Structures are given as C-alpha cells and as structure tokens.
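Q: Fit chain B to the given chain A structure using the hints.
Single-letter residue listing:
Number of protein chains: 2
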Amino acid sequence: MGKLLIVGSLAFDAIETPFGKTGKILGGAATFIGLAATQFRVKSAIVSVVGDDFPQSYLDLLENRDIDISGVEVVKGGKTFYWEGKYHNDLNSRDTLVTELNTLADFNPIVPDDFKNAEVVMLGNLHPNIQMSVIEQMETRPKLVILDTMNFWMNNTWDELMAVIKKIDVITINDEEARQMTEEYSLVKAAAKIQEMGPKFVVIKKGEHGALLFHDGHIFFAPALPLEEVFDPTGAGDTFAGGFSGYLAEAGNITFESMKNAIIQGSNLASFCVEKFGTERMVELQKHEVDARLVQFKELTQFNIELT
Amino acid sequence: MGKLLIVGSLAFDAIETPFGKTGKILGGAATFIGLAATQFRVKSAIVSVVGDDFPQSYLDLLENRDIDISGVEVVKGGKTFYWEGKYHNDLNSRDTLVTELNTLADFNPIVPDDFKNAEVVMLGNLHPNIQMSVIEQMETRPKLVILDTMNFWMNNTWDELMAVIKKIDVITINDEEARQMTEEYSLVKAAAKIQEMGPKFVVIKKGEHGALLFHDGHIFFAPALPLEEVFDPTGAGDTFAGGFSGYLAEAGNITFESMKNAIIQGSNLASFCVEKFGTERMVELQKHEVDARLVQFKELTQFNIELT
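If you're matching them up, the sequences are chains A and B in order.
As numbered in full-length UniProt numbering, residues 1 to 308 make up the first sequence, in order.
As numbered in full-length UniProt numbering, residues 1 to 308 make up the second sequence, in order.
One chain only, chain A, in its complex shape (with noise of 0.2 Å):
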C-alpha cells in the first residue's frame, strides 16, 4: 500500500453562500486532501499545527479514517488557523472576511519517520519555506512530489517560490494565477514557462470549468461535473488535490496516462465536496457513489469518432 504524506493547514471556516451560513466548521486544505484521499488503498498522514481549542471530534474523525495525525501539533494556548468567506451571488468569487493564521504563524513541520520514505507528498498551500522543510526531511525521494500554492506566496514570497517549485514533480494552481506567476495570457503558453520553473507536470484549476494538465507537449482536460446545483465550493480545490495524489499512491505507477486518471478522480470527487457545506458530503461518501460518478464522468467525457 502506497503511503501519502499530506502537508497543509487544519482550521476552522465560517462560510457565507447564498444558501445559507455556518458557524465555525472544520476546514482547511489538509483536511479535504486527507478525506478524499481516504477513497484510496494508501497510508496517509497529515502534518499540521492545531491549538489547543480544536476539537478532539475533529482529530478523531480523521484518525478514525486511518489517517496518521502523528504529524499535527497541538499548541498549549494556541488557537487554530480560522478562516471566514462569503460568497458571491454566482459562487465563482468569494470575499474573505477574516484570516487569523494563528498557530500557523510560527508551523514548524515535522515529517513523522514512519513516512520519511513516502511514495507521494502533497504539499498543501502554505508558505514556501514550510513546503521546502518538509521535502528536507524526506530520507528517500519521493516518487511524486505535488505543490500547490496561490498568489498570496507569489504576491510575497516569490524567490522563496521559485526555489521550492525546482524541487517538485506537480505543481497544481488556478488558471488567474497561472497567468500572474508567467504573465502569459494563454494558458498554453503559461504551462509550458511555468514546466521551465522546474515541475514536469502542470495542472492548472479552472474551478467550474475543469482542469488542464500540461506535460511535455501533451494536454489533457477534465471538466467539472456540470451540477444541477453548486452549494459551497470551499475545500473543493484541495479534494480535487487528495483526489489526484491519493490516486497516484494508490496506483504507484507515475505515468502520464496515470496521470490523466488521477485527474478524473480528483474532479469525481470535487463534484461531490461541493454538495453540502465543508466537509459534510466528504465525510459521509461511499465508494459506490463515487464509482456511479465515475460512470457519469465516461458518459460526459467519451466519444467514438472514427478516424478515416
């Protein structure tokens, strides 16, 4: 069984969407990746930094889904990362109302031994230096190394970026910041500056619209599963992330045409994350649902056209 090393925050999120609100909830980028990776044959840990006011429930719904916390710290008196977003009307745009990093301020990761040698290693958005400690502590290199990132870090810790982008096998990133990280407007033209940064392999988020990857002159697309009704996207790009890299440990074979699977698998699951608030629909999932989605995602995508 392959085993997934998952790097990125745990927080809580108070979300606002035209169809209702939420208190605070459980949230944050490791979280999603580690529930949806929970779809998977793989051994997953999560390193992450809590304070001492996250709930116990919270630690235990995801031990209780065999995911290794071993790597989250919890800080005496400190307070969780908590984040609070309202969405607009057309739940494609959002405002941030509050970001309080908290304990994630000062994280300092600690890659648990036990997957020291992990096939795969998903490195949440989080600040550049962070993601660099942890591909440090690797003792063997990893199959797949899989960053992603947004353009706060590149607004602000640019060179510490770069130098981090050259270490890793994917980088995942939405489509606007594709464009601001190359100044390329064509997102064809973008992969291909942003595979010379240093990633073999581009996957660029379009959010609603699907995603692209980029691999060395080959592109492959998936769209998002049209919906007859979208409900809170919040956590949707990081359950398309534990999609992707749970795939790829499960499957240990790193191929492009493995690749391509891994992106259907992570856009089968977005479209369920999107169902409920938070983690609510991820957390209930069951695998025949996600198979049936995977039969409509064929009949969306495939065709028969012979060439003459």
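Bear in mind the hints are in silico, worked out from the structure with no lab data behind them.
Computed from a predicted model, the values in this text were never measured in an experiment.
Certain hints may be false.
As the list claims (entries may be wrong) - Covered stretches of chain A, as calculated for chain B (at least 3 residues, CB under 8 Å):
hint : region
1    : 103-112
2    : 183-191
3    : 255-261
4    : 292-299
Every residue gets a Cβ at the ideal spot worked out from N, C-alpha and C, and that includes glycine.
A: What follows is chain B alone, placed relative to chain A:
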C-alpha cells in the same frame, strides 16, 4: 449525400483585436456555417440576402466550394449587413461598435425548391420570424432543425422566439443567454427548462470553456482545444454550428451518440477558425489538418479508468 439548408447572414465585418485590425472583410453567420460544412460530404445551400455592394468574388468563393447560392438574394442598390467590433485584451469579450442591418432588415427568405426536402436545416442567428418562415417553406419535415439565437431576440421578440422554438429539435445558445432565457444560474437547470420550451436537444456554448449537449437527462461535454494563441474569435460559434450540422447531415442518423460526435466536430473546426482573422483560416483548411486535430481532441479528453 445529405442536404443541409443554411439560413443566416452574409456580411461585411470589420474587426479589431489586440493583434491587429481589418478593413471590411467577409463575414456573416451563413458564411462561417457554410465554410465549416464543406468539410463534410453534404450538399449545402445558403439562403440569405446581400446588397449589390457585396463582391462577386465572395459569392464565387462560396459557389466554388459547391455551396448552392441560388437562395441568396442580391438587392439592387441595397447595402450588405455590416458589423464592426473590437475585442478586449483577453479576447473573451467584445464591444459592438457598429451594426447596420441594411438589406437584412427586410429579409424575406426564399428556400430553393431543391432544398425544400433538406434533411438538416441550420437556422443561423436571425429574427425568429425569418427562422419560422424557412421552417414553413419546407415540404417534408427535416430530420433535424437546429436553431441559433442570441439575447437580442430574447429582449425584443420573445413571443416570436418562443413560437419558433416549439418547432425545432436543437437549440444552440451561449451560457449567459441560457441563463437569461430561463432565469436559472445552473446550466443543468437552464437546459432542462429550455427542453420544456420545445427543443429535445440543447447545446450550450461556453466559448473558450467548451460546449455542453443536454438531452433527456444525459449530458455530454466537449472542451475547446487549448491553443497557444486565439487570434480572432469572430465566427467561432457559427463555425461550431457549421461543423455540428454538417457532420449530422453527412451521418444521417440522429442519435445522442452521433450528436456527441457532431459536438466534437464543431469544436474541432472552431479551433481553426480563431487562428486567423475572419474566414481566412477556414478557406484554406485541409482535411488532413482537420483529422490531425481530431486526434488531438481524443488525446485531450479520452481516458481509461477501469471501474471495479
């Protein structure tokens, strides 16, 4: 060989993009539809109207490609429909600077006798009464009537649009227009509502984000081919419609499966259209280029996940 009847504008376009500016060049929905359809084994005819300012060379260009233009009325002393537009830097939106309907304002379409039994009718974006007049002139019920429309007709001729929509099989419409037409943000819900208005098949065009086909609870999606550079989007939607209708006129059988292929063929041809100004790319397009790009479309979208 199937017959395809095309109704739509022949026009002068003047286009400005970030890459340059044209004088008055050949444009119009019927032009793009007709040129795209020449990639298939079909007998096609254009019903349209122009002024006598429309160059004979433009008519020759169509006729030399075996498009029947006996249904193109040339109004003595009349002026041809003229459109002038300027694209924004991202090429995703544009401002219409000039629209002169000219001879199109009093267009009374006359279907040539030889095409009153056409298997496929492609009604380009025009006043719904003109579209209705064409349907009424058909001597046999076509296998497939496809209608394109836009927000202008929704705003100004809603009742007439609803009347013609009841009589057609397929509507092609863009995402914003589908939302406006139904007051539903979700495209899944919007497509369901539009199907209740008449057309059994709904094609929602999302520009650079691809196209969706809805029918009876089934959904198919085709991405736009990611390009290094989009040069001029003018005519891409009509080229899509020409590929879609041309393929179905050649195929003859109207099933969800054949319509999936039609969506791919339309998307494929549209990817060429945007590579140069106006019709420039479409008039030089070779079959081997079309076939090669269909292979790219397969690589872009086809995957092989074994479902357990």
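Q: Does each hint fit the structure? Answer for all of them.
A: Hint by hint, here is what the structure shows:
1. 103-112: It is violated, with 0 qualifying residues against the three required.
2. 183-191: holds (count 5)
3. 255-261: Three-residue rule met by the region 255-261 of chain A, so holds; n is 3.
4. 292-299: holds (count 4)
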